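Each chain, written out:
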Amino acid sequence: MAVILLSALTLALAVFALTQRRLLWGVIGVGAHSLALAGVYLFLAAPDVALTQAAVGFGLVTFIYLLALRRTGKLTVVAAETPPLLHQDGEHVAGLEWEILSRLGRQLHRDVEVLWVTRAEIPRLLRAGEADVGAGGYLPRTDDGVVLSRPLIPTRIVAVRCGPGPCGAVAGDRCQDCLPASSVTYEDHRELASALRSGEIGEAVADLLHVRQWVLSGEVQPSETKDGGEAAFRFAVAPGEEDVRQALDALLAELERSGELARLIARYIG
Amino acid sequence: MRVLTALSLLALAGLLALGVSGVFPRPELPSADEVAAEWGAENVVAAIILGVRLWDTLFEILVYAMTIVGVKLGLRLLRWERPLPPVAETPLLRRSADLLLGPVVVFALYVAVSGHLGPGGGFPAGAILGTALLLLALAKGVERLSAEIHEPALEWAEYGAIVAILALAGGLLLLGRRGSGYLVAANVLIALEVAIGAWVVLHRFASSRGEV
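Residue numbers (the working numbering), protein chains in the order written: chain A, 1 to 270; chain B, 1001 to 1212.
Any given hint might turn out to be false.
Cβ pair distances, simulated, as ranges [stated by the list, open to error]:
id, chain 1, residue 1, chain 2, residue 2, range
1, B, A1006, A, S102, 34 to 44 angstroms
2, B, T1005, A, P164, 52 to 62 angstroms
3, B, L1173, A, D243, 51 to 61 angstroms
4, A, R150, B, Y1110, 45 to 55 angstroms
5, A, G240, B, G1022, 41 to 51 angstroms
6, B, R1095, A, A2, 30 to 40 angstroms
A short list of chain A residues far from chain B (calculated; beta carbon distances all over 10 angstroms) [as the list claims (entries may be wrong)]:
id, residue
7, D177
8, R212
9, V220
10, L264
By construction, these hints were calculated from the structure, which means they are not laboratory data. Computed from a predicted structure; not experimentally measured. Glycine residues also receive a C-beta, built at the ideal position from the N, C-alpha and C atoms.
Take these sequences, add in the hints, and give me the full structure.
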């Protein structure tokens, strides 16, 4: 009877280990599975094999996996490239958000890996568990289905009009909510700006940071600007990663308290 | 893919059920006392070790030693120059390592010394000792531990242990000596060799991370 119960437990733990998304839980599952298997051997009258199975399977292998996990566990960040906040600079990633993310990675003993995606893909990747953190000037929308960090930088939603034509915004962005029904969406802010410049659209809705960049670089000469209300850049965190969100919030609170965040904003944004 | 997974899971469950159901006949075994008396050993475990398992263990140890040499040579070819980031100490891990280390080492010694009379033996004892070393490595960081335990001396101890095991086991098997003192010595040496081997493999892997 004990053998049948322990065998069933072994199978259940194997399935548990296979279905875990977090590697740490997977390793714990494999360890527990080894221990249950040692129990099966014990009740099948093979204490010798049980002892070896427990020592090697539960002890050595679990420890080696834990050590490897501690050294190579990755924190995957999906982001839309947003120059002063998070962007590729040659071989390295740079920007204000990178400063915060790399600190977070050091705190959690995980290497930060940034994957560049479009804004619309970020919530889907986070919900699917393909990534841990979403970044790159993330303006939250109500139906994204992700967990949000504390506000990082306050900003405003701005509509800029340059001429006649329809209204446009970046697909998936918060600004899309402010658009009238017959409007165009673009994959990222670069495409939006070039569409605005070429006269494909007459009005663009974006956040203040991007609009300021367009105006400063002379890309866009707005004839009229309209305020669309307050918003704030945040980090998006995958729904299952409550501990990452807590660590991120604690880090942001600490940066805010020590004035380091203000220094970073002054340095990167001005 | 899902159907395949489900099918293989079902097949595994069926195999397990068949194995424990008693469908397969068990072979008739001679009585334990007869076997022990035949070999002049204290009990049946010692008799089996003398008769069969010692050969087994001998070749296990040879394969294990060869694996370690392979890992050493193979990883030497892959260069690594990037310094490892220091691992942050966590008080919880250090305290539990302090608490657990003593009992784990004592248990490993017990398993090694009593291995010829009951469940246990050199190999599990070595694995348990290796776990104790890994626990220390987790708590202190691999590089610090490696500097503290003086690895070159450890490697020479390992080579010495291999030679002694081969000599001892070969002598036991060829001359047919039946003293349990020899078995205890062989088990302790095997434990030493397995533990050091586990440490060497772990250290090589840990210090060449990402370059493989």
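Cross-check of the supplied hints:
1. For the hinted restraint 34 to 44 angstroms between A1006/B and S102/A, the CB-CB distance of approximately 43 angstroms keeps it satisfied.
2. Separation of T1005/B from P164/A is about 59 angstroms and conforms to the stated range, judged on CB atoms against 52 to 62 angstroms.
3. Take L1173/B and D243/A: their Cβ atoms lie about 56 angstroms apart, and the range 51 to 61 angstroms holds.
4. At roughly 54 angstroms, the beta carbons of R150/A and Y1110/B sit within the given window of 45 to 55 angstroms.
5. Distance hint for G240/A and G1022/B: a CB-CB separation of about 44 angstroms, consistent with the stated range 41 to 51 angstroms.
6. Taking the beta carbon of each, R1095/B and A2/A are about 35 angstroms apart, inside 30 to 40 angstroms as hinted.
7. Listed as outside the interface, D177/A is consistent with that label: its C-beta sits roughly 38 angstroms from the nearest C-beta of chain B, beyond the 10 angstroms cut-off.
8. Annotated as non-interface, R212/A keeps its C-beta farther than 10 angstroms from every C-beta of chain B; the closest such distance is 38 angstroms.
9. Listed as outside the interface, V220/A is consistent with that label: its C-beta sits roughly 44 angstroms from the nearest C-beta of chain B, beyond the 10 angstroms cut-off.
10. For L264/A, the requirement that its beta carbon stay farther than 10 angstroms from each beta carbon of chain B is met, with the minimum near 23 angstroms.
In terms of the numbered hints stated before, the structure departs from none.
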